[in-house]
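Just need the whole structure built from these sequences, with the hints factored in.
As you go down the protein sequences, you meet chains G and R in turn. At position 311 of the first sequence the residue is numbered 311 (my numbering), and the sequence of numbers has no breaks. At position 269 of the second sequence the residue is numbered 269 (my numbering), and the sequence of numbers has no breaks.
Certain hints may be false.
Heads up, the list lumps identical chains together, so a pair's fine if it works in one copy or across two of them.
Cross-link-like lysine-lysine pairs, in silico, BS3-like; alpha carbons within 27 Å at most [claimed, not checked]:
hint: 1; residue 1: Lys160; residue 2: Lys316
hint: 2; residue 1: Lys144; residue 2: Lys283
hint: 3; residue 1: Lys144; residue 2: Lys316
hint: 4; residue 1: Lys38; residue 2: Lys56
hint: 5; residue 1: Lys316; residue 2: Lys159
hint: 6; residue 1: Lys64; residue 2: Lys30
By construction, these hints were calculated from the structure, which means they are not laboratory data.
2 protein chains.
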Amino acid sequence: MEPLKMRIAREIGTPALVVDLDVVERNIAKVQALCDAKGIANRPHIKTHKSVLLAKMQRDAGAKGITCQKIGEAEAMAEGGLDDIFISYNLLGEEKMARLAALMNKARMSVAADNPLVVEHLATAAALAGHDLHVLVECDTGRKRAGVETSAEAITLAKKIAATPGLVFDGLMMYPPEDGAAISNAFIAEVRAGLREVGLDIRVISSGGTPNLLNLGSLDGQTEHRAGTSIFNDRMMMAAGFASMEECALRIYTTVVSRGGPERGILDAGSKVFTTDTGWGLKGYGHILEHPEAEVARFAEEHGFLDLARCNDRPKVGDVVRVIPNHICPVVNVVGALVLVRGEEIVERIDVEARGRLT
Amino acid sequence: MEPLKMRIAREIGTPALVVDLDVVERNIAKVQALCDAKGIANRPHIKTHKSVLLAKMQRDAGAKGITCQKIGEAEAMAEGGLDDIFISYNLLGEEKMARLAALMNKARMSVAADNPLVVEHLATAAALAGHDLHVLVECDTGRKRAGVETSAEAITLAKKIAATPGLVFDGLMMYPPEDGAAISNAFIAEVRAGLREVGLDIRVISSGGTPNLLNLGSLDGQTEHRAGTSIFNDRMMMAAGFASMEECALRIYTTVVSRGGPERGILDAGSKVFTTDTGWGLKGYGHILEHPEAEVARFAEEHGFLDLARCNDRPKVGDVVRVIPNHICPVVNVVGALVLVRGEEIVERIDVEARGRLT
Chain G
1 MEPLKMRIAR EIGTPALVVD LDVVERNIAK VQALCDAKGI ANRPHIKTHK SVLLAKMQRD
61 AGAKGITCQK IGEAEAMAEG GLDDIFISYN LLGEEKMARL AALMNKARMS VAADNPLVVE
121 HLATAAALAG HDLHVLVECD TGRKRAGVET SAEAITLAKK IAATPGLVFD GLMMYPPEDG
181 AAISNAFIAE VRAGLREVGL DIRVISSGGT PNLLNLGSLD GQTEHRAGTS IFNDRMMMAA
241 GFASMEECAL RIYTTVVSRG GPERGILDAG SKVFTTDTGW GLKGYGHILE HPEAEVARFA
301 EEHGFLDLAR CNDRPKVGDV VRVIPNHICP VVNVVGALVL VRGEEIVERI DVEARGRLT
Chain R
1 MEPLKMRIAR EIGTPALVVD LDVVERNIAK VQALCDAKGI ANRPHIKTHK SVLLAKMQRD
61 AGAKGITCQK IGEAEAMAEG GLDDIFISYN LLGEEKMARL AALMNKARMS VAADNPLVVE
121 HLATAAALAG HDLHVLVECD TGRKRAGVET SAEAITLAKK IAATPGLVFD GLMMYPPEDG
181 AAISNAFIAE VRAGLREVGL DIRVISSGGT PNLLNLGSLD GQTEHRAGTS IFNDRMMMAA
241 GFASMEECAL RIYTTVVSRG GPERGILDAG SKVFTTDTGW GLKGYGHILE HPEAEVARFA
301 EEHGFLDLAR CNDRPKVGDV VRVIPNHICP VVNVVGALVL VRGEEIVERI DVEARGRLT
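In structure tokens:
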């Protein structure tokens, strides 16, 4: 039988983003089981796959709802039938509030806020929609991303939310660093004590991140978890100790289109496919299954430059290779077209609905 | 009157990619004038803008044809009515040859090749199309990208092209480094001499790159030039000395959605909008027009992290700012939605046809 990669190169062409649904199903089940074991609701972040089909697979496996990072993602998901959506992002502005209000009439919406202006804007969305909007206070417990930086600020903001007509204070959202449980727990305890004085409950404590699934349960009172990358995994998740190579569900199939000397090779996928994210101290931009000693050393927009110095078995022009990228999320965002397979069988080609949404 | 950026934030929402057509027209005219002054044909690379509308503006200003980097780009352009297309890339595989043959019946197509396998594949496209395909030998004259590495290889490959039924040897294509004229000229002279012995002419010498427009005319016998970025320009083109800030036609409008301490700020555009390209020794990922001392220091996927340590006038939550990115080409590829303006007037919103094409 013709190997899958030759069939994909011949029928579909390279570069191609090939997703093994058998691996995806196992990855979804693994996360759901981790959450179930700790009694924590699973609310996967769809920023990784951006696909209604895959979000529904997560829901059908037991996810309570989904997480989105922008209105456009939530619109695509609500349109596709997902009905419990948390947008873990500060939303601002008239145009976004109108869209949020429309979403509130299609799905159970909750959102994050880390400052008073966002809360004031959210109140206008609730007024437009004519019913309540659930709001979580985003807390920075060490990652230095968004979020209020002190428990005092969190308490003040929670009170403001609770006092704002149309808004319901739901709880706290955070994205702690992998070693951030102690800081997060102190933060949560202070906020809980401060809010108890005014009779406010923290009903939801939402944490996130695929690597944080490794320490699930270390956050006091965590009620739900948002993981994105775990559905596909990538080289960073291997480096983080979360995933094995067999758990990397998405591979970039690409063709060697030029060699240029004994130690160089060129793939037909560059920064416009792989993007240039690095992290976790990784060397190079991808792992080539057929040539693990080859380094994906740098990119032009449509060229992937291979350093073959450490390769005994070197690829030749015309060879098709499979690459696991460093970070899968921006790749799907650029490309938006996936080839779904099971083992050696092509199942379906899909466009992901929320790819490249600006707002 | 309401300032443009407030109107865009209110009506369209941020982040938004805003292109000033007055600046675009001046940028197109500048490149055309540079080429005209040297008697070199202008064949702009559409990988930067990916838009039929903008390609037609380039053609109407005097461009001989356009350059594409992949079949999907050429298909979008041919569909839109562009009829002289050079694909400056090694194309391989059955699926691509069928599409190339279809393109040959819509537009005058030429392509690059740097190895014998590509030439053999191109012959199958010519056979399928039923007429001749024009082929240029891609030569590496110092950038270490694709291209044959020696004049001897170029001569051998040119002879193979000329001897292959259905293929026409057109000449040489290169993308020299900015200081690469001497090496390129020696390379060209050797190939010219070698081919003269067998009666083969070099009709086309195609060079490329926006920074190389600064030394246009230094390449012996150059007949055409492929520049991409010059239509929009970016921080890299400013660093390269090609463009002024006023010649940067595309700005990313983005909102400050969080502050997080006195020296930090967060934009609602991260690596999924800006991408993470750097180059030309640039510090940070963008220049903020309103806060030139602010550094766009790093990204999460949907967060742009500002270092405000050197800012006296610091942006506050809700402020809309305009950012010139380091490298504009991958940004348009991800986003694909442009707001066209002239000065303070919104003209039109367009989707760019060839955005995110995989193959």
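Here's how the hints hold up against the structure:
no.	hint	verdict
1	Lys160 - Lys316	between (64 Å within a copy, 20 Å between copies)
2	Lys144 - Lys283	both (25 Å within a copy, 20 Å between copies)
3	Lys144 - Lys316	between (45 Å within a copy, 18 Å between copies)
4	Lys38 - Lys56	within (23 Å within a copy, 59 Å between copies)
5	Lys316 - Lys159	between (64 Å within a copy, 22 Å between copies)
6	Lys64 - Lys30	within (15 Å within a copy, 57 Å between copies)
The structure agrees with every numbered hint stated previously.
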